[in-house]
Amino acid sequence: MPETGTEPRTTSGGPRSQATRLPDVNTQQKDKRGTHIERGAKRFELKDLNLFYGDFQAVQNISMTIEPNQVTALIGSSGCGKTTVLRSLNRMHELNPGARVEGHVLLDDTDIYSRDIDPVEVRRLVGMVFQAPNPFPTMSVYENAAAGLSLNRKGLTKSEKDEIVERSLRGAHLWDEVKDRLDKPGSGLSGGQQQRLCIARAIAVEPEVLLMDEPCSALDPVATLAIEDLIAELKGRYTIAIVTHNMQQAARASDVTAFLNLEESGKPGRLVEIGPTETIFTRPSEKATEDYVSGRFG
Amino acid sequence: MPQDPIGAGSGVPEVVPEGAGGLAVAGTGGGPLPEWTPYTVTGGAAALIALLLAATGSFSIVLMFVLTVVISLPVIYVWSRIAEGPRRALDRLATLSIVAAFGIAVAPLISLLYEVIKRGTARFDSAFFTESARGVVGAGGGAEHAIVGTLVITGVATLISVPIGIMGAIYLNEYGTGRLRRALTFFVDVMTGIPSIVAGLFAYAAFAVFLGPGIRLGIIGSVALSVLMIPIVIRTSEEILKIVPNHLREAAYALGTPKWKTVTRIVLPTALAGLVTGVMLSIARVIGETAPLLVTTGVVDSLNTDPVSGRMQNLAVYAYTEYKNPGVMKQAAYDRAWAAALTLIAIVMILSLIARFIYRRFGTEIR
Amino acid sequence: MEAHTDTTTQAGQILAGASGGSRRLGDRIFSNAATIAAVTILALLAGVAIFLIVKSIPAVTASAADLPEGKTLVDYIAPLAFGTVLAATLATIVAVPLAVAVALFISHIAPRRIALTLAYIVDLLAAIPSIVYGLWGIFVLGPAFVGVLNWLADNLGFIPFFTGPASVTGRTMLVAGLVLAVMILPIVSAVAREVFSQTPRRLEEGALALGATRWEMIRMTVLPFGRSAMISGTMLGLGRALGETMAVTIILSVSGVVSFDLVSQSNPTPIAANIALNFPESSGVAVNALIASGLVLFAITLVVNMIARVVIARQNLQ
Numbered sequence: 450m451p452e453t454g455t456e457p458r459t460t461s462g463g464p465r466s467q468a469t470r471l472p473d474v475n476t477q478q479k480d481k482r483g484t485h486i487e488r489g490a491k492r493f494e495l496k497d498l499n500l501f502y503g504d505f506q507a508v509q510n511i512s513m514t515i516e517p518n519q520v521t522a523l524i525g526s527s528g529c530g531k532t533t534v535l536r537s538l539n540r541m542h543e544l545n546p547g548a549r550v551e552g553h554v555l556l557d558d559t560d561i562y563s564r565d566i567d568p569v570e571v572r573r574l575v576g577m578v579f580q581a582p583n584p585f586p587t588m589s590v591y592e593n594a595a596a597g598l599s600l601n602r603k604g605l606t607k608s609e610k611d612e613i614v615e616r617s618l619r620g621a622h623l624w625d626e627v628k629d630r631l632d633k634p635g636s637g638l639s640g641g642q643q644q645r646l647c648i649a650r651a652i653a654v655e656p657e658v659l660l661m662d663e664p665c666s667a668l669d670p671v672a673t674l675a676i677e678d679l680i681a682e683l684k685g686r687y688t689i690a691i692v693t694h695n696m697q698q699a700a701r702a703s704d705v706t707a708f709l710n711l712e713e714s715g716k717p718g719r720l721v722e723i724g725p726t727e728t729i730f731t732r733p734s735e736k737a738t739e740d741y742v743s744g745r746f747g
Numbered sequence: 007m008p009q010d011p012i013g014a015g016s017g018v019p020e021v022v023p024e025g026a027g028g029l030a031v032a033g034t035g036g037g038p039l040p041e042w043t044p045y046t047v048t049g050g051a052a053a054l055i056a057l058l059l060a061a062t063g064s065f066s067i068v069l070m071f072v073l074t075v076v077i078s079l080p081v082i083y084v085w086s087r088i089a090e091g092p093r094r095a096l097d098r099l100a101t102l103s104i105v106a107a108f109g110i111a112v113a114p115l116i117s118l119l120y121e122v123i124k125r126g127t128a129r130f131d132s133a134f135f136t137e138s139a140r141g142v143v144g145a146g147g148g149a150e151h152a153i154v155g156t157l158v159i160t161g162v163a164t165l166i167s168v169p170i171g172i173m174g175a176i177y178l179n180e181y182g183t184g185r186l187r188r189a190l191t192f193f194v195d196v197m198t199g200i201p202s203i204v205a206g207l208f209a210y211a212a213f214a215v216f217l218g219p220g221i222r223l224g225i226i227g228s229v230a231l232s233v234l235m236i237p238i239v240i241r242t243s244e245e246i247l248k249i250v251p252n253h254l255r256e257a258a259y260a261l262g263t264p265k266w267k268t269v270t271r272i273v274l275p276t277a278l279a280g281l282v283t284g285v286m287l288s289i290a291r292v293i294g295e296t297a298p299l300l301v302t303t304g305v306v307d308s309l310n311t312d313p314v315s316g317r318m319q320n321l322a323v324y325a326y327t328e329y330k331n332p333g334v335m336k337q338a339a340y341d342r343a344w345a346a347a348l349t350l351i352a353i354v355m356i357l358s359l360i361a362r363f364i365y366r367r368f369g370t371e372i373r
Numbered sequence: 055m056e057a058h059t060d061t062t063t064q065a066g067q068i069l070a071g072a073s074g075g076s077r078r079l080g081d082r083i084f085s086n087a088a089t090i091a092a093v094t095i096l097a098l099l100a101g102v103a104i105f106l107i108v109k110s111i112p113a114v115t116a117s118a119a120d121l122p123e124g125k126t127l128v129d130y131i132a133p134l135a136f137g138t139v140l141a142a143t144l145a146t147i148v149a150v151p152l153a154v155a156v157a158l159f160i161s162h163i164a165p166r167r168i169a170l171t172l173a174y175i176v177d178l179l180a181a182i183p184s185i186v187y188g189l190w191g192i193f194v195l196g197p198a199f200v201g202v203l204n205w206l207a208d209n210l211g212f213i214p215f216f217t218g219p220a221s222v223t224g225r226t227m228l229v230a231g232l233v234l235a236v237m238i239l240p241i242v243s244a245v246a247r248e249v250f251s252q253t254p255r256r257l258e259e260g261a262l263a264l265g266a267t268r269w270e271m272i273r274m275t276v277l278p279f280g281r282s283a284m285i286s287g288t289m290l291g292l293g294r295a296l297g298e299t300m301a302v303t304i305i306l307s308v309s310g311v312v313s314f315d316l317v318s319q320s321n322p323t324p325i326a327a328n329i330a331l332n333f334p335e336s337s338g339v340a341v342n343a344l345i346a347s348g349l350v351l352f353a354i355t356l357v358v359n360m361i362a363r364v365v366i367a368r369q370n371l372q
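Protein chains in written order, with my numbering: chain G, 450 to 747; chain H, 7 to 373; chain D, 55 to 372.
These are calculated hints, taken from the structure and not from any lab test.
Predicted, not measured: the structure shown is a model, and the values here were computed from it.
Accuracy of the hints is not assured; some may be wrong.
Pair ranges (Cβ atoms, derived) [claimed, not checked]: (1) Ser320/D with Gly218/H: 33 to 43 Å; (2) Thr46/H with Phe505/G: 29 to 39 Å; (3) Thr46/H with Thr143/D: 38 to 48 Å; (4) Asp208/D with Gly218/H: 46 to 56 Å; (5) Ala198/D with Ile356/H: 24 to 34 Å.
Beyond 12 Å from chain H on every Cβ pair, some chain D residues (computed) [unchecked claim]: (6) Phe84; (7) Ala88; (8) Ser110; (9) Thr115; (10) Gly124; (11) Ala132; (12) Pro133; (13) Leu140; (14) Thr143; (15) Leu178; (16) Ala207; (17) Phe212; (18) Ile213; (19) Pro214; (20) Ala301; (21) Gly310.
Where is the CB? At the ideal position from N, CA and C, for every residue including glycine.
If we strip away everything but chain G, and leave its shape as in the complex, we get (with noise of 0.2 Å):
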């Protein structure tokens, strides 16, 4: 069951930003209170993260760089930490019993963890969608798309809502298949389409990072075909990071690969190596590489 997660580093004091109404993606969100996180922010720079949970550390001196309008595939063998690694750039890891971060997330400069950044502001900024599909069961398709919003976004008229959750569920591709049963249970729909659900409510409060936490590990092919295909437009507008198994959805569906490893069990998780997808998959610099993307191992 889960339990508490113990306060990070950071603890609140001093001024911050509000969760205001979303401006236009690319303007400055500027506060009355000062710090703010800008809006058009999409890059994220991990310096020297290490994670732990309790005293067991997870993972070790991530450096990386997630680039906007990309699409950047977390692989590496199961327990190699790259699922701890992406609940750390939205601030759910805290959530973990005992849970503890070292280091640096930057998303545009800004250190996510500093003593002055509401985490909920945080996952408000970068979404994400989970391994198994979640919708939730009280509320109906429209009210799952719009869960968000009203949230976030107090004071929508009902045609101002509409028309996000009908941007939202397009954006999903799931507009055509579910807008003559918008008020039914979210539940009802088949696995595939519940993920896509759960893609339209990350994306109808505007974040500026989507991460993605084995989206199709739960699917049947088809449907993971159906989102690849919409992770490939997604990135034209927010940046993606996805933690796959799949080497095959890895190599089809990214542009750039983090190959995470274990030296041996019972040790912290390293980046071995990271660059674009095409190099990893054919010509990997590291032999552990190698052997992991030839099936050799993991």
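Model the placement of chains H and D on the given structure of chain G, informed by the hints.
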């Protein structure tokens, strides 16, 4: 999450700690107000109010608590709303309201335990435990007859309930099929909701049909208590039997053991600690019951250890009658009532603690 | 399942010898005993209804003149039923929001390490015998509330609930209702808490990942998920409050009136309190009338509890 076999829904104190986990997100951090803001505001308000009340001479803890909550909650909300925005402010308000609600819920418990201990110890002397009320008018006297009566009545009730209850649980878990099983499950749950006084009336009515009206015996009280105990014994025993791993049964069958021997030689001994715990908890639940005994066992001042002959006093009814008919020296009677109440609580607590201890210490195979 | 064993081989002889005789008999005896126990329990429940009905009949057939207070049976029981429902409803209205808040506190807000201890403390409330609650209510809570009762009667007296004049001892429906609420709170809270802590983590994370605050997450995921548990817990608590006897008997200063006034000296008499007060000294048809009122109480609580269990069963199927 570990299973909780001792159903909380029946109001029976739990034995197995249930998983208390929801995602515990740090809720009130991440805002410009410092961490300690809620504490200082509440503490400051409480201190101010206490002083004010003391100054005007109308101090009471209840009033202080209420006013502190009424004043500090809006203050924190407004302050947070200005500094942090409406969503954060609502989050803080919700959190503080929930904490206040918990305080309100726990306050009666604290008050009650405090008062019972304070007032009950006035007569917590050896005379209370060794003398009966026979011939006592005014001060003095004791509750020996009541204590013994409680033990006898509850003991007989246990003797009736345990075999029936455990066999019923065995039926549900090992043998039952089809409509009888479904009916039994449903109605056992319904039985846990029988008002205790109705159980008493039933026992009286049943005996009165055969023995005439106006009958009062210890054993009638035991039957009434059994009606209340049996559903609890069944529910807890069934949950325990469910936890006994199936592979133990299958190992026995694979050796050629017949089913009844498997149940009696393998399943029951494995579940023994849990079954004992369930029985003890059901005893703890009924030992304080007054209403069913009031209408079945009657009131009497002297010691009677025979459940099938004559009226029998017990602690719960004793506490009630001492309060209701205090006689000439009211305070003495009230003191005895409180002492009886304290004894009852002590018995219930001890039984619950022993039950938990047994489960923790001996229930290793079924956890 | 009877298979023919070949008794010409040694194995066959062993099998043939074992499949009859003592083994099957033992199984049959034991399984019959278990079934008998099951039937006995159902018979017991039926017996409760039957014996109560049998002993109520004399009151049903008696004329008003023979019955207590000279009323017909219906006129006798109706005000008592009103008292029961009023007290129990008041208790439930107070207890349920508190219980849900307490459940949320333990499942989502309190630090994990002490959450279990806190749960145990709340459950302690359920272990205290009702007579102790009664004594506490009449000696402690009632007197403490006299000031509140006066304030309510003076300032809110225009509302039918607070007409007054306020009781000077605190032995009012309001105080009795509050004590009942404390008694049923652990039941409602335990049911709610059990379900709240089972809210699937992926739903909670889904809400948080959208940028929800903790309270927003609770509102979006935990509370909807626990909705039927809250309903069934409420009904269980209501059922318990309907049947509760001693606390109400001791605290309430009863006079059998039918009134919504919560703060005055004269209060409706709940069925259970009426029985407790009058049964020891009653005889003849009066006893039958009391038993008849007990039967009505049984019926009411039976309906409420059955509804609760149906709601629970429906939820478990999901």
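Results of checking the hints against the structure:
1. Between Ser320/D and Gly218/H the Cβ separation comes to about 37 Å, which falls inside the hinted range of 33 to 43 Å.
2. One distance hint, 29 to 39 Å for the beta-carbon pair Thr46/H and Phe505/G, holds here, with the actual separation near 37 Å.
3. Against the hinted window of 38 to 48 Å, the Cβ-Cβ separation of Thr46/H and Thr143/D comes to about 40 Å, which satisfies the hint.
4. Our hint of 46 to 56 Å for Asp208/D and Gly218/H holds, since their Cβ atoms are close to 55 Å apart.
5. Look at Ala198/D against Ile356/H: about 30 Å separates their beta carbons, and that is inside 24 to 34 Å.
6. With a least CB separation of 4 Å from chain H, Phe84/D falls inside the 12 Å interface cut-off, contrary to its annotation.
7. Here Ala88/D does not stay apart from chain H, with its beta-carbon only about 4 Å from theirs, under the 12 Å limit.
8. Distance to chain H contradicts Ser110/D as a non-interface residue, since its nearest Cβ pair spans about 9 Å, not more than 12 Å.
9. With a cut of 12 Å on Cβ distances, Thr115/D stays outside the contact zone with chain H, its closest approach being about 16 Å.
10. Once the 12 Å rule is applied to beta carbons, Gly124/D is consistent with being away from chain H; the minimum gap is 22 Å.
11. No beta-carbon of chain H is positioned within 12 Å of the beta-carbon of Ala132/D; the least distance is around 18 Å.
12. No beta-carbon of chain H comes within 12 Å of the beta-carbon of Pro133/D; the shortest separation is about 18 Å.
13. For Leu140/D, the shortest C-beta to C-beta distance to chain H comes to about 16 Å, beyond the 12 Å cut-off, and the non-interface label holds.
14. Annotated as non-interface, Thr143/D keeps its C-beta farther than 12 Å from every C-beta of chain H; the closest such distance is 16 Å.
15. For Leu178/D, the requirement that its beta carbon stay farther than 12 Å from each beta carbon of chain H is not met, with the minimum near 6 Å.
16. At roughly 17 Å, the least C-beta separation between Ala207/D and chain H is larger than 12 Å, which holds for a residue marked as non-interface.
17. Taking the minimum C-beta to C-beta distance to chain H, about 22 Å, the non-interface status of Phe212/D holds against the 12 Å cut.
18. Every CB of chain H lies more than 12 Å from the CB of Ile213/D, the least distance being 19 Å, so the non-interface label holds.
19. The claim that Pro214/D is not at the interface with chain H holds, since no C-beta of that chain comes within 12 Å of its own (minimum 24 Å).
20. Non-interface call for Ala301/D relative to chain H: violated, since the shortest CB-CB distance, roughly 10 Å, does not exceed 12 Å.
21. No beta-carbon of chain H comes within 12 Å of the beta-carbon of Gly310/D; the shortest separation is about 18 Å.
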